[in-house]
Amino acid sequence: MSAHTYDFIQREKHICPQCGKQYRFKRNMVFHLRNECGKEPSLQCPQCPYRSKQKSNIKRHIAFKHFELNEYFGQPTFFKCPQCGRKYRHQNTMRFHLKNECGKEPSLQCPHCPHKTKQRGNLRAHIAVKHM
Numbered sequence: 238m239s240a241h242t243y244d245f246i247q248r249e250k251h252i253c254p255q256c257g258k259q260y261r262f263k264r265n266m267v268f269h270l271r272n273e274c275g276k277e278p279s280l281q282c283p284q285c286p287y288r289s290k291q292k293s294n295i296k297r298h299i300a301f302k303h304f305e306l307n308e309y310f311g312q313p314t315f316f317k318c319p320q321c322g323r324k325y326r327h328q329n330t331m332r333f334h335l336k337n338e339c340g341k342e343p344s345l346q347c348p349h350c351p352h353k354t355k356q357r358g359n360l361r362a363h364i365a366v367k368h369m
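Here my numbering is used: the first residue of the sequence shown is 238, the next is one more, and so on.
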């Protein structure tokens, strides 16, 4: 094992003295203590009850749960499949869906159970979660 790898593995952890949450960097733990620890989330999604202590978490939530609200943060809204109406964050993903998946039955069969999917990555994830 190289000295760099060993140093990386043995790196000091910074633990919040109030709640025990661990941080890789001291500055993150200090930020947590000043702004988050023991405090209720102050930011709320404008569309649902989801709350967070950090704006970046609200942005991520909106991007994944409320495609149509992305313009709230100055981002493009979504790309909608013209055949089935499914929404995608990226145009290339929607094009892939339209070309390879839309209106087609799942063709990849799990070797361990009746589960079927349309994408290899989803099949690998299924096997890892359900059969490993």
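It is worth saying that the hints were derived from the structure and are not from the lab.
Here a beta-carbon is modelled for each residue, glycine too, at the ideal position from N, C-alpha and C.
Treat the hints with care, as some may be off.
[What the hints assert, rightly or not] Here are the simulated DSBU-like cross-link-like pairs (lysine-lysine), alpha carbons at most 35 angstroms apart as the crow flies:
(1) Lys336 <-> Lys296
(2) Lys258 <-> Lys317
(3) Lys353 <-> Lys296
(4) Lys292 <-> Lys317
[Claimed, not checked] Derived DEER-like restraints, expressed as beta-carbon distance ranges:
(5) Asn329 <-> Lys296: 13 to 23 angstroms
(6) Arg288 <-> Asn359: 24 to 34 angstroms
(7) Cys274 <-> Cys339: 45 to 55 angstroms
(8) Gly358 <-> Pro286: 25 to 35 angstroms
(9) Cys318 <-> Arg361: 16 to 26 angstroms
(10) Asn337 <-> Gln284: 24 to 34 angstroms
(11) Ala365 <-> Glu342: 16 to 26 angstroms
(12) Gln281 <-> Lys317: 20 to 30 angstroms
(13) Ala362 <-> Arg261: 42 to 52 angstroms
(14) Lys250 <-> Lys296: 23 to 33 angstroms
(15) Cys339 <-> Pro278: 17 to 27 angstroms
Lys292 and Lys317 were given as a pair; does the straight-line alpha-carbon distance stay at or below 35 angstroms? holds, 27 angstroms
Could you see if the CB distance from Ala365 to Glu342 stays within 16 to 26 angstroms? holds, 23 angstroms
Given a hinted range of 25 to 35 angstroms, is it respected by the beta-carbon distance of Gly358 and Pro286? For Pro286 against Gly358, whose Cβ atoms are near 31 angstroms apart, the range 25 to 35 angstroms holds.
Could you see if the CB distance from Ala362 to Arg261 stays within 42 to 52 angstroms? violated, 26 angstroms
Mind checking the hinted window 23 to 33 angstroms against the Cβ distance between Lys250 and Lys296? Given a distance of about 27 angstroms, which is inside 23 to 33 angstroms, the answer is holds.
Cβ distance range 16 to 26 angstroms for Cys318 and Arg361, holds or violated: holds, 24 angstroms
Please check whether Cys339 and Pro278 have a Cβ separation lying inside 17 to 27 angstroms. Given a distance of about 38 angstroms, which is not inside 17 to 27 angstroms, the answer is violated.
Verdict for Asn337, Gln284 (Cβ pair) under range 24 to 34 angstroms: holds, 31 angstroms
Pairwise beta carbon distance, Asn329 to Lys296, judged against the given window 13 to 23 angstroms: holds, 21 angstroms
Has the hinted range 24 to 34 angstroms been met by the Cβ atoms of Arg288 and Asn359? For Asn359 against Arg288, whose Cβ atoms are near 30 angstroms apart, the range 24 to 34 angstroms holds.
Taking 35 angstroms as the top limit, are the C-alpha atoms of Lys258 and Lys317 close enough? violated, 40 angstroms
Verify the proposed pairing of Lys336 with Lys296, using a straight-line Cα cut of 35 angstroms. The given pair, whose Cα atoms are some 30 angstroms apart, holds under the 35 angstroms limit.
In terms of the numbered hints stated before, the structure departs from hints 2, 13 and 15, listed from lowest to highest.
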